[in-house]
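Peer 1: Line by line, the protein sequences are chains V and U.
Anchor point for the first sequence: position 69 equals 69 in the numbering used here, and the numbering is continuous, going up by one each time.
Anchor point for the second sequence: position 82 equals 343 in the numbering used here, and the numbering is continuous, going up by one each time.
Keep in mind the hints are simulated off the structure, nothing from the lab.
The beta carbon of each residue, even a glycine, is placed where N, CA and C say it ideally should be.
Treat the hints with care, since some could be wrong.
[Stated by the list, open to error] Output of the computed footprint for chain U on chain V, the stretches with three or more beta carbons under 8 angstroms from beta carbons of chain U:
#, segment
1, 150-161
2, 223-237
[Claimed, not checked] Restricting the straight-line Cα-Cα distance to at most 27 angstroms, the calculated cross-link-like pairs of lysine-lysine (DSS-like) are:
#, chain 1, residue 1, chain 2, residue 2
3, V, 68, V, 133
4, U, 449, U, 302
5, U, 319, V, 164
6, U, 449, V, 68
7, V, 133, V, 64
8, U, 319, V, 119
9, V, 119, U, 302
10, V, 164, U, 369
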Amino acid sequence: MSNLRLIARLDIKGSNLIKGVQLEGLRVMGDPNEFALRYYHQGADELIFMDIVASLYGRNNLSKIIKKVTNNIFIPITVGGGIRSIDDATEILRSGADKVAINTAAVLNPNLISNISQKFGNQCVVLSIEAKKINQNSWQVYTHSGRERTDLNVVDWAVQGVSKGAGEILVTSVDREGTRKGFDVELVKAISSVVRVPIIASGGMGKPEDLLTVVQDGGADAIAMADILHYKHSDINTIRNFAEQVGLGVRHHESPISHNH
Amino acid sequence: MNLPSVTIIDYGVGNLLSIQRAFEHLGATVQVSSDPKVILKSKRIVLPGVGAFPNAIKALRKLNLIPAIHEAASNRKSILGLCLGMQLLFDESNEFETSSGLGLIPGKVIPIPATDSFTNPRKVPHIGWNSLAPSENHKSWQGTLLSRNKPGESVYFLHSYMVLPTNQHHRLAETSYGGDKVVAAVAKDNIIGFQFHPEKSGTVGLRILDTFIREAK
Chain V
1 MSNLRLIARL
11 DIKGSNLIKG
21 VQLEGLRVMG
31 DPNEFALRYY
41 HQGADELIFM
51 DIVASLYGRN
61 NLSKIIKKVT
71 NNIFIPITVG
81 GGIRSIDDAT
91 EILRSGADKV
101 AINTAAVLNP
111 NLISNISQKF
121 GNQCVVLSIE
131 AKKINQNSWQ
141 VYTHSGRERT
151 DLNVVDWAVQ
161 GVSKGAGEIL
171 VTSVDREGTR
181 KGFDVELVKA
191 ISSVVRVPII
201 ASGGMGKPED
211 LLTVVQDGGA
221 DAIAMADILH
231 YKHSDINTIR
241 NFAEQVGLGV
251 RHHESPISHN
261 H
Chain U
262 MNLPSVTIID
272 YGVGNLLSIQ
282 RAFEHLGATV
292 QVSSDPKVIL
302 KSKRIVLPGV
312 GAFPNAIKAL
322 RKLNLIPAIH
332 EAASNRKSIL
342 GLCLGMQLLF
352 DESNEFETSS
362 GLGLIPGKVI
372 PIPATDSFTN
382 PRKVPHIGWN
392 SLAPSENHKS
402 WQGTLLSRNK
412 PGESVYFLHS
422 YMVLPTNQHH
432 RLAETSYGGD
442 KVVAAVAKDN
452 IIGFQFHPEK
462 SGTVGLRILD
472 TFIREAK
């Protein structure tokens, strides 16, 4: 319906870009600003920043990083991790983010979704779901970066989140995250077949070809990529060209060269 | 040469920093203000907006900014509304409740229909990069803020509501979403509005903002 969005996902711990496998075994990759700039120049359609330990320590330090990044990056930015209140969301949005992603705090208090949505509009609220497969066609919601198990069923929670005012769903397969084994297509499909908001699929992209099934069969509107980009197994241009070759609509990217005054 | 100047209206809800950064990147001096006196003195005024319509209009009213915006409009200052800021330029919206807008461009704001004309479901919000096309009444963008842009260029949309201008001539550009036309840009003399986010639309969006600070009087 819309162009497929190619999103670079940057997981942050403290002031560093980090990457793990199944959200564990975190390895420091470097300065998030440098990676973000690289993906902007490659033609990323959006960036997602996640402070993946924020909910563990009850802190939120992404706004400083975002303020720096938005100095010279002019594409949409979603920020998540440790957003627990309208005030947290306000601060993140005023730092240059366009959307806030909430997971743990929304599970603890689902009304947070409606509160933020009423103030900033539902287009601003991304429900971030960490999902672990428990058996065939059933997934459970996890919080605190895949550490805490909840009683929530992923599909039920997605429906509830949208009815509370989430305008988009970011679904991360904890099982696939960082494994390069491809997306959990069934998971994405289970969600996209019951909600009418855009879905961002995250976790498992190992090669450009992996995007095909998650979009065509899974119904993803966007894919979030980390490992494949951070470790330079591929780049956004290559992935965009692949998407175009297989007939998926993508935006035509104009390289951000310096502007003539 | 004097740097071009822009005043961004701060009424507490918008994502001002990104807009400020984009204009600064283009070499403008930017003032962010919620003072009606400052706004009245400005040559170019940007009305940003992320949020819900009723909240935004209440915030503008509370800060006593509405008379200043009207006066600036009748003094032929360039006023640029972005996203919700564009929707606020219209007569009324029914987001959550019916509320009146600034009334600078005739028309109203309605939800993006959840189904298309063939009753196929359509995803709302409209999120993503979508291409600009000239509207029926503006085959050419010459002399407008889109004069340096080409049809087909993609910009970033993030919205659940859309505008319906009463006068078709005020539609400057459109995009197609789920088989239907959605107004992407409006213009009525010195009043301009973009449904998309030029400050988040990479090089294409920066070029539009650059035209605003160089050409808009």
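Peer 1: Hint by hint, note whether the structure agrees.
Peer 2: How the hints compare with the structure:
no.: 1; hint: 150-161; verdict: violated (count 0)
no.: 2; hint: 223-237; verdict: violated (count 0)
no.: 3; hint: V:68 <-> V:133; verdict: violated, 37 angstroms
no.: 4; hint: U:449 <-> U:302; verdict: holds, 21 angstroms
no.: 5; hint: U:319 <-> V:164; verdict: holds, 23 angstroms
no.: 6; hint: U:449 <-> V:68; verdict: violated, 36 angstroms
no.: 7; hint: V:133 <-> V:64; verdict: violated, 35 angstroms
no.: 8; hint: U:319 <-> V:119; verdict: holds, 12 angstroms
no.: 9; hint: V:119 <-> U:302; verdict: violated, 30 angstroms
no.: 10; hint: V:164 <-> U:369; verdict: holds, 26 angstroms
In this structure, the earlier hints numbered 1, 2, 3, 6, 7 and 9 are contradicted, and the remaining ones agree with it.
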